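Read top to bottom, the protein sequences are chains U and G. Numbering-wise, the first sequence is residues 1 to 656 according to my numbering. Numbering-wise, the second sequence is residues 1001 to 1304 according to my numbering.
No lab work stands behind these hints: they were computed from the structure. Just so you know, nobody snuck in bad clues.
Here are the computed lysine-lysine pairs in the DSS-like style, where the Cα-Cα straight-line distance is at most 27 Å:
#	chain 1	residue 1	chain 2	residue 2
1	U	Lys156	U	Lys364
2	U	Lys364	U	Lys466
3	U	Lys544	U	Lys370
4	G	Lys1049	U	Lys544
5	U	Lys544	G	Lys1053
Quick caveat: nothing in here was measured; it's all calculated off a predicted structure.
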Amino acid sequence: MTTVLTAIAIILLSGVLSLVLRRSPAAASIAGVVGITLGCFVGLIPVASSLITGAVATLQWSWSVPGGNFSAGLDPLSAVFLFVIFAISIPVSIYGGAYLWPDRKESDLGIAWFFTCVLIASMAMVVIARNAVLFLIAWEVMSLSSFFLVMLHDRKSSAQVAGWTYLVAAHFGTAFLLVFFILLGQNGSFDFDHFAPATHTSLLFILGLVGFGTKAGFVPLHVWLPEAHPAAPSHISALMSGVMIKMGIYGVIRSLTFFGPPPEWWGWLLLGIGLASGVLGVLFALAQHDLKRLLAYHSVENIGIIAIGLGIGLLGMSFNLPMIAVLGFGGGILHVVNHSLFKGLLFLGAGAVAHSTGTREIDKLGGLLKPMPWTGATFLVGSVAICGLPPLNGFVSEVLIYLGALHGGTSVDSRMAVAGAVTIGGLALIGGLAVACFTKAFGIVFLGQPRSEHATTCHEVGMAMKLPMVILAAGCLVIGLLAPYAFGALNHVIAQVCRIPLAAIDGVFVGGTGPLYRIMLVFSICLGLVACIVLLRLRLLRGKRVQESGTWDCGFARPTAPMQYTASSFAQPIAHLFRGILRTRRHYHEPAGIFPKSAALETHTPDVFRELVFRPIFTGVSKALEAFRWLQHGNVHLYVLYILIALLTLMFWKLR
Amino acid sequence: MKINLLPIVHLVLAMVAAPLLSGIINRTKAIMAGRRGQPILQAYHDLFKLLRKGAVYSRTTSSLFRLGPIVNLAAIITGLLLVPFAGCPGFIAFDGDLVVLAYLLGLARFFVVSAALDTGSSFEGMGASREVMFSILVEPTLFLGLFSLSRLSHSLSLSGILYASGVTGWIIGAPALVAGTLFVLYLAENSRIPFDDPLTHLELTMIHEVMVLDHSGPDFGLVLYGSALKLWLFGALFVGVFSPDLTEAGVWIREGYALAGMVLLPIAVGIVESSMARLRLLKVPQLLVGAGALSLLATILVLG
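So that you can see chain G by itself, here it is in the shape it has in the complex (with noise of 0.2 Å):
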């Protein structure tokens, strides 16, 4: 009865402890800097505070706006019914679940960027167009990613291939050269550093942040914890990646290895952002290449 539960439990954990991952890595950047920085539980407020606003919609703007925000979280709420977490399996897992997940984001991404040009703004306009040049680089590292770890593991699905490589095969295997890639992922997808600055509003280079210019009230609450929900779907991705093989450990092992790693990774990414600046907009097709050849190299290893 307790395994049937969990994965409810893993549900709910990730749906109110999301927003607490910006406030780990803004408080490791922050210490990094010196400062002393906002409140961890900052991200709560916000939403918060946005929910019980009123809204201002831009004259230009049609139902599809007001869409736009909704399909994004829904899709992003049923892509984590899938994702395994703590060695124990997803919601929902099925043959080919990982194929799901990868265009239940997509889905996300159409509605966000047709919300975007819907305002008929040029600076949302070009964050559209190169959040889906991004996405089109990104989609084949991660399915290649995922393709090799299920060659590997004889499973097709997410809970399958993930938490089923032991130490000793992700050392110098394929797993850690997908661990690699995920990680890479992890910061595009959730536009930080270095491709993206979450803090800079106002600024040209900026993808995800400036499709969302235009949104506001409890619509931008329904962006940012879409959001949240992303970092913490990538991150329970890497993590069950980056795994020492589980199987025969207790409950309570599981869990907290996986609670460390959710914690380890936001403060990994805060010791990336202080440590090093965002990458010029023409060099990011290249990292995101370099990833790609990165799960292809995984790819050909599982292969031969």
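Extracted from the complex, chain U is given alone in its bound form (with noise of 0.2 Å):
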């Protein structure tokens, strides 16, 4: 446990001597990365040791903030938590010593490593806090270190609009959670362990999903992540997309730890919104044409199929079918780990890709496997991992969650079938729609000619931006390897959320690890006859002739870069098949005449919820709030004397 703690000293000392360095980039870089890398591998030490034997420890000072003692704990739910939190930091701060280097005359790198440092001790804390003021002064501690770190380049107004959406989105969630909090402590202590809600169990659970699940990106809560992510420097991104969202997830099952078993309907809720947000978050990453704007949608996509996951667990738990909640809570927090894990590694991949080609417009790329060919590698890499294709992790967690809900078919209650059947159809129609959102990220930026003056001129990034993402690639290559002893690491955790005894777990835990297995020895076939075609084709190709020619294009003989297909024309017959939904806006200029001079076609598909649910809702509360702007002159006067009737209201209420 102390170790814990000393691993977020060491990280926070780091932000503090980086600030003091600031004077000189090179020294506050280092202090940066060397500080984050030391920290997370000494906190990686007892989250390990938590994981395999399922230790529990906790540590308890008093302090004089009221409402509890300072507690924190390590049990292996905060341990798998704070495995991601550590382990991506790593790579991710590594990457960004590389990535905020050229930028160091514009910006302050001081500043940036700070808030940096910050942003991570904070999610350790959040993950390891006992007490809810403890609790809530760290998560806003995270919530601010990362919009300070989104308004890194303010000078574009694009990241201001960003920035502002997601201060006043993230105190939204927060004003959900103090109530969530307050109704919580009602018997005096905020401490974890003093919670006995009793009462009100719905109203708290409902209060703890807005709160937590803005954080997270449920749909239609999440419309701050589209625009946050991208505007934040791409490390920052993949920090954000792959870890912070997390704890939205990580709040709403540790919340479901303070309530008795849990009613049927919290399981249908979850899984509504994770079908949702599955559905609706590819279907809008697909019409996007920012590779990283894509991404962060791609994050809401991932959310809800954690959130199926989720609540095909919870409804194992409610019609007591352990196997069942076994497999979605197992498949649900594997894929926190799998998906912290690729979406990191895409996050660098395009912040690569941005960094030396100078765009992140999809339709300006092209071709990029060639002059960046370990960029190209691990984003496929990514891109299979994240469609949840064999034999990469995303596959592992996807399994367990289709097998939960096979499980859930063929159980005797029907309700609990109708559940199977929702969570199958919906997990394949996102699994279709995803391998149609990244054939098109993935075939649009790398593969074909450049399509702009921004792909040719590019060049492969430096050791310290390559290294990073090869790690994250062989962290998703090795999971997905050797699945099932990355789901058996996770026995103490999936217990501890399913409230099942760890003498009991095993009996049910075969329903995951026996069809791992077996997946297992599939993936090495696969692999085995991978590398045996190969083999196959290099012989049978020695000694002939291989001749290079331009693209067969059934008779024309000049085919060009402005021909191919683009990203928005791949995409076009599915979102012409969605138009209800993504209502793409289209603005055609047609060719006139029989010499036609000029042509011009722009799509651009904004959030539907953002457009028809929250800009209404704003621009009716700032219509309302106009009629008190007569209170606001800018005269320093007539403030002074609104403090004074403020403090003396104050003092004749007092009085009274």
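Dock the two chains into a complex; use the hints.
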């Protein structure tokens, strides 16, 4: 336990150090990178031991803050989220050192590293906090430090809009959490182990779901996500999308442990939220033209898959079907780890592309696999993994959720079977759409011919940016190939969340590990076959004439780069199929006359919820509040008068 | 001992006999049209000729273009390991193998589509775009169909849910609907009429064929062989659903039934192809959604 606090202290201290050393960008960067790497390695030791042994450690210091003690704890559930935080922060910070370096003239690297360190430390604090006051402080520090990181390039107006959207959304969520914890702490203490909510559990669940769901990005509370993630520097996007939004998932799972057995409708609600987030997230991702915005929408999709897993798990618990509970929660929690790996990887890859081409517009790129082989190959690994395709890690967590749903399908309870059917149909649709989305992202950016001069003059990124991507890609492959062991490492976490005694867990755990061992065999056969066919092809081509030529375009001899399919044209049939949801706007300037001089087609897909739900609400609120405009004059004397009146009113109220 | 050997025999049979199926389809079409048609073993001749050739690569392409047909073939062969045949379990059978099979096909699709995009040709881009669009309709259909069979047979493995429903089960029940769905998917996934026309290389409506325009020599041979195996794989799924209860029957009856099914299915495809034209591209999603509705109906039936 103290080791985790030491790790957090090391990270915080290195943040302060880089702030002190801000005069020299090199020293500030080194302090940040080395401090985070060291702190994370130190932190991983107790995390690993807690995951393996299931040990629970707690720590209580009394402090002068009202509402209980400074209490922190490390249990398997905290450990798995700490693992995500520490394991992803290491490659991300190494990458960030190189990524931020060219900006050292324009922006203050000391401040950037300070907030990065604070963000990582506060996330770790959120996960180990066992007191509501401590939790909320850490939560708020996490939101604010990431807000400042989003605003790092605040000279761009888009970054400012993104930052403010994020700030409003974050505090909208915190407001719900405040009420959530106040209601929980009615018997005087805000320590988690003193919570005894006998009444209003459903109200509490809803409050927690809205509060934590805003951070996680559940539809329709996701609107800040596609704004804020692209605006931040790429390694911060990786940290936010890969790690920070998972704190919302942590909150949901942790708050479930405060309550007794969950009623059935909680599971249905999470399942519904998950399906909506999954399908809508990937649909909107498909319609995006900006690579990082596409990835941000994909985070909404993956959060949806995690929520589907949790929903199936909750239904399993309420129907008293432990195997389904284990598979649902296991799949969901493993997807938390997996998503942090491949989404971190993909954001770093997108950052490398933006870094070396100067644009994130998918339609301006193309053919990057040749000049940037490492970025391209790792991006391919990330793309296959995020589509949930074998033999990588995304498949492992999805297959666990599928297994839970299939077990639900064969259960005697027909409501559980309906949940299974809905899950399977939904996951299959999400899977198909994800393949469409990532063949687009990878295929248009890295394959074919360069579509603009941005893509012709680029170069591979340096070692410090390549290495983190390779590490994360290796992580995706290792979890994929060693699937039963990765799932097995979660047995303490799942026992804790599903409230199954450890002695009984092996009996139900085999529902996951049994198939996973076979899947491991299938994967090795598949990889072996690939190797055999590669050798066969080499053997067949030996001594044969292998020529190079232009692309065979059905007799047309001069295909050029602008003739290629673009990302927009690739996605058009699907966007058309789902036009009722996507509401893509077209600006079409038709070619006219016999020799048309100009023609243009532009499409963009704004977020439906932002346009149709939140914008009307916020304009309504601002209209209503306009009535109070007359209070604000900018006249200092009047403001002093307001303060005086307020103080006097308070005094009389107190004296009354 | 004999039972343990059978899955291997079936696998070898699939790998050897798969190219024969397209020969049967073509011969049926020729007879229906009053022609003599190409030799029934034409596909084998084509394969061997292609494997002996050199290759021509576009300057635009990268290593991924070469990897595409390889991963495609490897994924399909791995998928074949999971499919039961003639009432005998697949080479590997476990809970949830149906998910693995569907996702292996997804992996194959990912690489074929990426290889098509790698050529930079607008034709291949068009084919790739259509392929992914149809696949988002195919996948839920396939999964819901298999789900309803899984609930009926109380099994989570392909080897348990195929060959499980007797004649009485499938005459009006959910398996009949799933069999109908699978026949549509058999046509759609293997680019047969009414979805796609394997004979028209230079038409704007084509999907699968256009994505492999640039492959040549051994690479194209791998692509063709992969398609042949995929035809076998979907055929084996269909024959497995559309099966009487064979658990009591002897080995030879089961084998005879399955082989007869594998031969009759391409003949049925040949008859379909001779008697109708390819659908307009815009109508294709409607047919796929129709198939999806069938499997949804099957799901509702088994849930009731």
